[in-house]
Structure formats: C-alpha cells, structure tokens
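Engineer: If you read the protein sequences in the order shown, they are chains A and B.
For the record, in the first sequence the residue sitting at position 245 is 245 according to full-length UniProt numbering, with numbers rising by one throughout.
For the record, in the second sequence the residue sitting at position 97 is 97 according to full-length UniProt numbering, with numbers rising by one throughout.
Calculated directly from the structure, the hints in this document are not laboratory data.
A couple of the hints might just be wrong.
Keeping only pairs whose Cα atoms sit at most 27 Å apart, straight-line, the calculated DSS-like set for lysine-lysine is [claimed, not checked]:
#  : chain 1 : residue 1 : chain 2 : residue 2
1  : A       : Lys254    : B       : Lys103
2  : B       : Lys2      : A       : Lys103
3  : B       : Lys19     : A       : Lys243
4  : A       : Lys42     : B       : Lys245
5  : A       : Lys19     : B       : Lys243
6  : B       : Lys42     : A       : Lys254
7  : A       : Lys103    : B       : Lys254
8  : B       : Lys103    : A       : Lys103
9  : A       : Lys42     : B       : Lys254
10 : B       : Lys42     : A       : Lys243
11 : B       : Lys103    : A       : Lys2
12 : A       : Lys301    : A       : Lys354
13 : B       : Lys2      : A       : Lys2
Covered stretches of chain A, going by a simulated chain B footprint (3 or more residues, C-beta under 8 Å) [unchecked claim]:
#  : segment
14 : 59 to 67
15 : 83 to 92
16 : 234 to 244
17 : 363 to 369
Glycine residues also receive a C-beta, built at the ideal position from the N, C-alpha and C atoms.
2 protein chains.
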Amino acid sequence: MKVAVTGTGITKFGELWDKSFANLAEEAAGRAVVESTVEPQKIDAVFCANMLSGNLSGQNHLGALITSILNINSPAYTIEAACASGGVAANLAYQAILSGSIKNALIIGVEKMTDYSTAEVATGLMGAAAEDERDAALTFPGLYAIMANAHMEKYKTTKKHMAAVAVKNHRHGSLNENAQYQNLITIEKVLESAPVATPLNLFDCSPITDGAAAIILSAVEDSSKKVTIAASSVATDKVGLAKRKSITELLATKIASQNAYQMAGISEGDVDVAEVHDCFTIAEILAMEDLGFCKKGDGGKFVSSGITEIGAKKPTNTSGGLKACGHPVGATGIKQIIEITKQLKGEAGKRQVKGAKIGLTHNVGGSGATAAIHILRI
Amino acid sequence: MKVAVTGTGITKFGELWDKSFANLAEEAAGRAVVESTVEPQKIDAVFCANMLSGNLSGQNHLGALITSILNINSPAYTIEAACASGGVAANLAYQAILSGSIKNALIIGVEKMTDYSTAEVATGLMGAAAEDERDAALTFPGLYAIMANAHMEKYKTTKKHMAAVAVKNHRHGSLNENAQYQNLITIEKVLESAPVATPLNLFDCSPITDGAAAIILSAVEDSSKKVTIAASSVATDKVGLAKRKSITELLATKIASQNAYQMAGISEGDVDVAEVHDCFTIAEILAMEDLGFCKKGDGGKFVSSGITEIGAKKPTNTSGGLKACGHPVGATGIKQIIEITKQLKGEAGKRQVKGAKIGLTHNVGGSGATAAIHILRI
Numbered sequence: 001m002k003v004a005v006t007g008t009g010i011t012k013f014g015e016l017w018d019k020s021f022a023n024l025a026e027e028a029a030g031r032a033v034v035e036s037t038v039e040p041q042k043i044d045a046v047f048c049a050n051m052l053s054g055n056l057s058g059q060n061h062l063g064a065l066i067t068s069i070l071n072i073n074s075p076a077y078t079i080e081a082a083c084a085s086g087g088v089a090a091n092l093a094y095q096a097i098l099s100g101s102i103k104n105a106l107i108i109g110v111e112k113m114t115d116y117s118t119a120e121v122a123t124g125l126m127g128a129a130a131e132d133e134r135d136a137a138l139t140f141p142g143l144y145a146i147m148a149n150a151h152m153e154k155y156k157t158t159k160k161h162m163a164a165v166a167v168k169n170h171r172h173g174s175l176n177e178n179a180q181y182q183n184l185i186t187i188e189k190v191l192e193s194a195p196v197a198t199p200l201n202l203f204d205c206s207p208i209t210d211g212a213a214a215i216i217l218s219a220v221e222d223s224s225k226k227v228t229i230a231a232s233s234v235a236t237d238k239v240g241l242a243k244r245k246s247i248t249e250l251l252a253t254k255i256a257s258q259n260a261y262q263m264a265g266i267s268e269g270d271v272d273v274a275e276v277h278d279c280f281t282i283a284e285i286l287a288m289e290d291l292g293f294c295k296k297g298d299g300g301k302f303v304s305s306g307i308t309e310i311g312a313k314k315p316t317n318t319s320g321g322l323k324a325c326g327h328p329v330g331a332t333g334i335k336q337i338i339e340i341t342k343q344l345k346g347e348a349g350k351r352q353v354k355g356a357k358i359g360l361t362h363n364v365g366g367s368g369a370t371a372a373i374h375i376l377r378i
Numbered sequence: 001m002k003v004a005v006t007g008t009g010i011t012k013f014g015e016l017w018d019k020s021f022a023n024l025a026e027e028a029a030g031r032a033v034v035e036s037t038v039e040p041q042k043i044d045a046v047f048c049a050n051m052l053s054g055n056l057s058g059q060n061h062l063g064a065l066i067t068s069i070l071n072i073n074s075p076a077y078t079i080e081a082a083c084a085s086g087g088v089a090a091n092l093a094y095q096a097i098l099s100g101s102i103k104n105a106l107i108i109g110v111e112k113m114t115d116y117s118t119a120e121v122a123t124g125l126m127g128a129a130a131e132d133e134r135d136a137a138l139t140f141p142g143l144y145a146i147m148a149n150a151h152m153e154k155y156k157t158t159k160k161h162m163a164a165v166a167v168k169n170h171r172h173g174s175l176n177e178n179a180q181y182q183n184l185i186t187i188e189k190v191l192e193s194a195p196v197a198t199p200l201n202l203f204d205c206s207p208i209t210d211g212a213a214a215i216i217l218s219a220v221e222d223s224s225k226k227v228t229i230a231a232s233s234v235a236t237d238k239v240g241l242a243k244r245k246s247i248t249e250l251l252a253t254k255i256a257s258q259n260a261y262q263m264a265g266i267s268e269g270d271v272d273v274a275e276v277h278d279c280f281t282i283a284e285i286l287a288m289e290d291l292g293f294c295k296k297g298d299g300g301k302f303v304s305s306g307i308t309e310i311g312a313k314k315p316t317n318t319s320g321g322l323k324a325c326g327h328p329v330g331a332t333g334i335k336q337i338i339e340i341t342k343q344l345k346g347e348a349g350k351r352q353v354k355g356a357k358i359g360l361t362h363n364v365g366g367s368g369a370t371a372a373i374h375i376l377r378i
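Assemble the whole structure, with the sequences as input and the hints as a guide.
Structural biologist: Structure below.
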C-alpha cells in the first residue's frame with residue numbers, strides 16, 4: 001500500500017476581502033473532492049491546518065466546521081505548528097493512512113489574514129516565537145534579520161544575493177495565475193524598497209495573504225501514474241533563537257530532510273523540483289544549504305547563479321514561493337504539496353519543469369523551530 | 001503489537017496563579033517521563049492539546065515549546081478540537097504508533113485560563129461554537145441551557161436530576177487530591193446557587209481551571225499487567241445547534257462510542273468505570289444516554305438512582321469530572337485517560353473502583369460537534 005495524492009484544490013491567493021473563511025475552505029475542499037472523485041462520505045478524516053483563526057477571529061474548532069461544511073461526521077483535527085501547520089497536518093494524515101485506520105483523508109490549510117490590521121496580524125504571528133522574543137518587541141522580520149546579519153558576517157552573503165531570491169520567485173509567480181503577485185521585479189527594485197528590519201527590505205518579505213489549499217491523500221494499491229508520498233518527516237528545534245546552537249542554520253530543517261532522504265531512499269541530488277519556505281529571502285538561502293542543495297555558506301551564490309530557476313538544474317519555488325504566490329499561513333504547506341503534485345503530473349502549465357519525477361516540499365514554523373519535509377514521486 | 005499507557009503525569013487542577021504555562025507543562029511531562037522510564041530521547045513525537053493559548057496569551061507553536069522544554073528534536077504537533085483537544089490528540093498519537101512510524105509518544109494537554117478575566121475566557125471559549133451563535137450573544141452555559149430545556153420538556157428531566165450529577169461529582173472530587181473542588185455539596189445547594197442560564201445554576205457548571213496532564217503511549221509486545229488502548233474513536237457533528245437533527249442527543253458521541261465498542265469488541269455493559277464530559281450537569285445526563293449506559297430520556301433518573309457512584313454498578317467521573325476536578329480545556333481529555341489508567345491499575349486510592357478491568361473516556365468539543373472516545377483495558 002502507498003499513500004497517493006488523489007485530489008488537489010486551491011483558491012486564488014491574495015487580499016480576498018469578498019470571501020469568508022468558510023467560502024475559502026469550501027472552495028478548496030470542493031475542488032479537491034471533485035478532482036479526486038472520492039465521495040465526501042468516503043473521506044475518513046479531515047485535517048485542518050490553521051494558525052491564527054482563534055486569535056484573529058475568535059473561531060476555533062475548525063476541523064468540525066469543515067466536516068459541517070462537507071456534511072459528514074468523520075473525525076476532524078485542527079493542527080497548528082505556526083507557519084508549518086500545513087506540512088505538519090499532511091504528516092499526521094499520512095501516518096493515519098499508513099496505520100490502516102483510515103483510507104482517505106482531506107487535508108485543508110486555510111487562513112484569513114487581510115481582514116485584520118497589520119499590527120494585529122504581526123502580533124498574532126509572534127505567537128510562533130518565544131516569550132522573551134515577544135518581550136523584546138521583536139517581530140518576524142526582526143528575527144530573520146538577526147539570522148541574515150549573522151549569515152552575511154560569517155559567509156559574506158550580500159543583500160544582492162537575497163534580492164536574487166525575490167526576483168526569481170516573482171518571475172516564477174508571474175507564471176502562476178493563483179499567485180498574489182504576478183509582476184516582475186528587479187534586483188534594484190528590491191534593494192531600493194523600504195527597509196523593514198535591516199538588512200531585509202520590503203521586497204525581501206513574504207506578504208499577508210488570504211487563501212486555502214486542500215489535498216486528498218488516499219491509500220492505493222496500484223500507484224502507477226499516481227503521485228505518491230515517498231517520505232514525510234517533521235523535526236523541531238528550540239523556539240527561541242537565543243537557545244539554538246547556531247543561528248546561521250535551521251537544525252530542524254537539517255534533521256527532517258536527512259530523515260526524509262533516508263525514508264525515500266534518495267539523496268538531495270535526486271530532487272528535480274522543490275518548494276521551500278521563503279518567508280524571507282534569507283530563509284530560501286538557508287533552505288538551500290540546510291536541505292543539502294549546496295554547501296553551508298554558499299546559498300547566496302547558489303541562488304544568484306540562476307541554478308534554481310525553472311529550466312535550470314534545481315528549480316525552486318516554481319509556484320512563486322511564499323514571496324510571490326503569497327503566504328496564507330496554514331495553507332502554505334498544502335499549497336507546496338499541490339505545486340509539486342502538479343509538476344510531477346506534468347500539469348504545471350507555463351511553469352512546468354520538464355521531466356520532473358521527484359519533488360520536495362519544505363515548510364517551516366516560526367523562525368525554524370518546526371520543519372516539515374515531504375518527498376513526492378511519480 | 002498493542003499501544004499501552006506507559007506513563008502518566010498530572011498537576012494539581014485549580015487557580016494556579018503562581019505557575020506559568022511552561023511550569024505546568026514541565027511538571028506534567030516530567031512526571032509522565034519519570035513514571036514511564038522512557039528516556040526523553042526515546043520520545044518519538046509530542047502531541048500538545050490546547051485550545052486557548054493563542055487567543056488568550058498570544059502563544060502558539062506549543063508543540064515545539066514542549067520539545068524545547070524536554071530538550072529533544074522530535075516531531076511536535078499542536079492539536080485543537082475545542083474542549084475535546086485532549087482526547088483528539090490522544091487519538092492521533094495512538095494512530096501514529098499503530099502506523100509503526102513511532103514507538104513512544106508524549107501527549108500533553110495544558111491550559112492556563114485563570115490569568116484572564118472571565119469575560120475574556122468566556123469569549124475565547126465561544127471560539128468552539130458557530131459564528132451565528134456568537135452573533136446571537138450566546139455563551140456555553142446558554143447553549144447547554146437550550147439543550148437542557150429541550151431535554152426537560154421532552155423527557156421530564158428535572159433540575160433535581162441535574163443537581164444529582166454535581167453532588168455526586170463533588171463527592172468523588174473530595175476523594176481526589178488534585179481536584180479543584182474537594183468540598184461536598186447538596187442538592188439544595190445546587191438548586192439555590194446563582195442562576196447562570198436557566199435552568200443551569202452556578203453549581204451545574206464546570207469551573208475555569210489551570211492545569212496540565214500528560215501521558216506516554218508506547219508500542220508494546222507484551223501487554224500483560226499493562227493498561228492498553230482497546231479503542232480510540234473520534235466523530236463530528238454540526239458545530240451549530242441550529243443545524244443538528246436533534247438537540248436532545250449528541251450524535252458525535254453516539255457515532256464515536258458505537259465505533260469504539262465495535263473496535264474493542266465489547267458492549268456498553270462491559271464498561272466498569274467511565275470518565276465522561278460533564279462540562280454542565282445536563283451534559284453528563286446526555287452522555288449516559290448517548291453512550292448507551294441507559295435508555296434515551298432516562299439519564300436524569302439514571303444518575304439520580306445512585307448507580308453512577310463509586311461502589312455502585314456504573315461508577316462515572318471518579319476523578320470528580322469536569323465539575324469538581326476542574327476543566328483546563330486542553331488537559332481534560334488526557335486527565336480522563338489518566339484517571340481510567342489509575343483505576344484499571346488499582347492505583348486510584350480512596351476512589352478506587354474494585355476490580356475494574358475495562359474503562360471508557362468521553363471527551364466532547366464545544367456543544368457536541370466533536371466527541372473522542374477511548375476504551376482502555378487491563
């Protein structure tokens with residue numbers, strides 16, 4: 001028995017002021033159900049990934065809300081692991097199917113963020129960080145700026161290296177009709193954009209986004225022509241930066257990815273296409289290194305070389321990543337799995353990576369305390 | 001292979017103003033680890049059950065916080081299903097162990113509620129309900145009062161029947177040194193207590209509580225003398241009362257318990273001791289009926305007959321239940337499993353049910369949209 005992605009559904013990502021949380025959930029779940037041809041009554045469990053609904057809108061108990069929408073009585077679980085909620089929910093669903101206790105699971109990530117002020121959202125997001133970081137009035141751009149400064153000092157990484165991530169992800173996003181930003185940008189535009197937390201400028205940061213993404217995972221006996229989960233791995237590290245062994249790497253990413261490569265029986269060189277967690281441009285540079293795509297410290301040069309573009313050797317964030325496709329927190333990890341599924345099935349349209357057979361998703365919570373890795377293959 | 005409860009740890013339940021969320025988590029987790037003799041490094045995954053931390057204190061990402069406290073890098077999941085968060089987290093951990101992907105899981109429920117105003121907590125708790133119920137300014141006592149009124153009208157249930165639940169649970173709580181309330185009360189005292197939402201008086205309601213409860217579940221080959229999970233089942237129903245088929249029963253409880261009896265290969269008559277979700281006295285009456293312990297409509301007479309007392313045929317809520325032991329939301333479902341484990345091991349001290357071999361826990365989310373059932377045996 002293998003676990004396959006049998007259905008996917010996604011909404012437009014962006015500032016969707018005319019759509020409610022329930023609208024978004026219904027749209028994504030409905031599309032996944034239709035694509036999968038699994039009847040709603042055959043969905044054995046629902047996993048809902050969300051971080052901020054309780055905090056921002058006072059609505060918890062989302063798992064049961066989704067089963068209410070689908071008019072089913074299946075078990076329902078709401079999963080939270082900050083910005084890694086989606087990847088972590090998929091990991092739990094995968095395990096539940098492997099256990100044999102269920103056959104079909106709907107995993108839906110949904111977040112409604114733009115109805116609230118930037119201050120409310122920024123404060124809510126700091127719930128992913130450590131209490132002493134909140135007490136020090138740090139924000140997430142601030143936390144990643146600390147990592148960026150350390151990386152620049154230790155490895156001669158430059159602001160231009162970081163800007164290259166944003167430029168590439170906007171180029172990829174311009175090929176994705178669901179992306180929040182589909183405009184092209186330049187290195188100069190990133191360097192000239194407003195400073196947020198030095199060295200990070202506005203265009204080094206992923207946006208605040210509404211959106212939903214859903215997949216159906218199913219137990220299958222015949223996996224030919226199907227995208228299957230070859231590995232699913234989650235690891236954690238200290239929540240606060242001050243307690244980590246190093247702030248120029250994400251240890252959780254290293255542990256989770258090494259475990260995943262082993263589970264899948266592959267090495268990092270076998271990955272044809274990847275969706276990684278670029279909440280800030282420095283985060284994609286760290287990801288390249290911690291996933292083993294390049295040597296520690298070389299991430300800046302690696303991305304600037306063009307090697308992570310569609311058409312080059314290691315296409316990364318073909319969806320546009322968090323930077324251009326947008327970052328509706330709970331939905332991000334599920335969107336990554338959908339993007340890789342489409343790539344492996346040859347259904348990625350203008351942004352198709354030719355002949356991709358193995359793909360990886362990398363979803364990070366907070367400033368790196370949680371990492372969820374999935375390896376998919378066809 | 002079976003899944004056994006190999007360690008338990010619980011804090012005092014109550015108004016613990018001198019203890020932080022982290023203190024409580026560390027205390028409960030530490031005790032479970034010591035009791036289990038499973039080294040922290042052998043804990044393969046952490047499941048943290050919590051509802052209100054993001055909303056009340058702005059702290060999310062609790063799973064990783066717990067692994068930070070334990071100084072491990074294992075996967076960590078935060079699970080929310082309103083007041084059923086604990087039972088639902090245990091269900092996921094059980095499935096993960098059954099899948100063979102992990103051997104030992106720490107499941108910890110923790111909630112810090114008394115640092116906030118009653119209005120903040122009551123508003124937070126309404127996150128478990130439907131949006132239209134919040135818009136109508138309903139509270140949880142109000143939602144259960146609607147069910148109580150319907151039950152009184154349809155089945156001649158009386159306020160005295162409901163009061164009998166509170167009196168019995170305080171009697172049981174008086175035997176539990178960890179209970180929030182260890183004082184005895186009378187039917188008259190319940191009937192004379194301040195009205196909260198007619199017909200529910202103050203003593204019909206469970207309190208606001210701080211506390212943490214942790215268990216370690218492990219894959220075991222030799223289950224002799226061990227308490228094992230014979231069944232674990234979760235079901236859902238519509239979140240809002242207005243959309244339910246009936247408001248004099250909890251459909252999710254019926255579905256989850258019937259599934260659990262089938263999984264365990266037992267009938268309701270085989271249950272020697274039960275911990276049920278008495279967030280309000282009417283809820284325990286509904287539980288008796290929906291779990292099949294008595295006929296629909298007879299719950300009031302059933303509890304008033306004394307049959308659910310320690311020493312009688314169907315001892316229920318020997319811990320004192322939510323009413324007397326307290327209800328730190330995320331911790332409640334785990335506390336129930338700990339209480340049943342102690343009963344089956346003959347370690348329940350003054351409140352021991354003689355010769356108990358099979359026990360059941362029943363944990364409800366919101367006004368009944370989620371139900372989690374566990375059947376344990378020795």
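Engineer: Against each hint, give a clear statement of whether it holds in the structure.
Structural biologist: Right, here's what the structure says about each hint:
no.	hint	verdict
1	A:Lys254 with B:Lys103	holds, 22 Å
2	B:Lys2 with A:Lys103	holds, 21 Å
3	B:Lys19 with A:Lys243	holds, 22 Å
4	A:Lys42 with B:Lys245	holds, 21 Å
5	A:Lys19 with B:Lys243	holds, 22 Å
6	B:Lys42 with A:Lys254	holds, 19 Å
7	A:Lys103 with B:Lys254	holds, 22 Å
8	B:Lys103 with A:Lys103	holds, 22 Å
9	A:Lys42 with B:Lys254	holds, 19 Å
10	B:Lys42 with A:Lys243	holds, 22 Å
11	B:Lys103 with A:Lys2	holds, 21 Å
12	A:Lys301 with A:Lys354	holds, 24 Å
13	B:Lys2 with A:Lys2	holds, 23 Å
14	59 to 67	holds (count 8)
15	83 to 92	holds (count 3)
16	234 to 244	holds (count 8)
17	363 to 369	holds (count 3)
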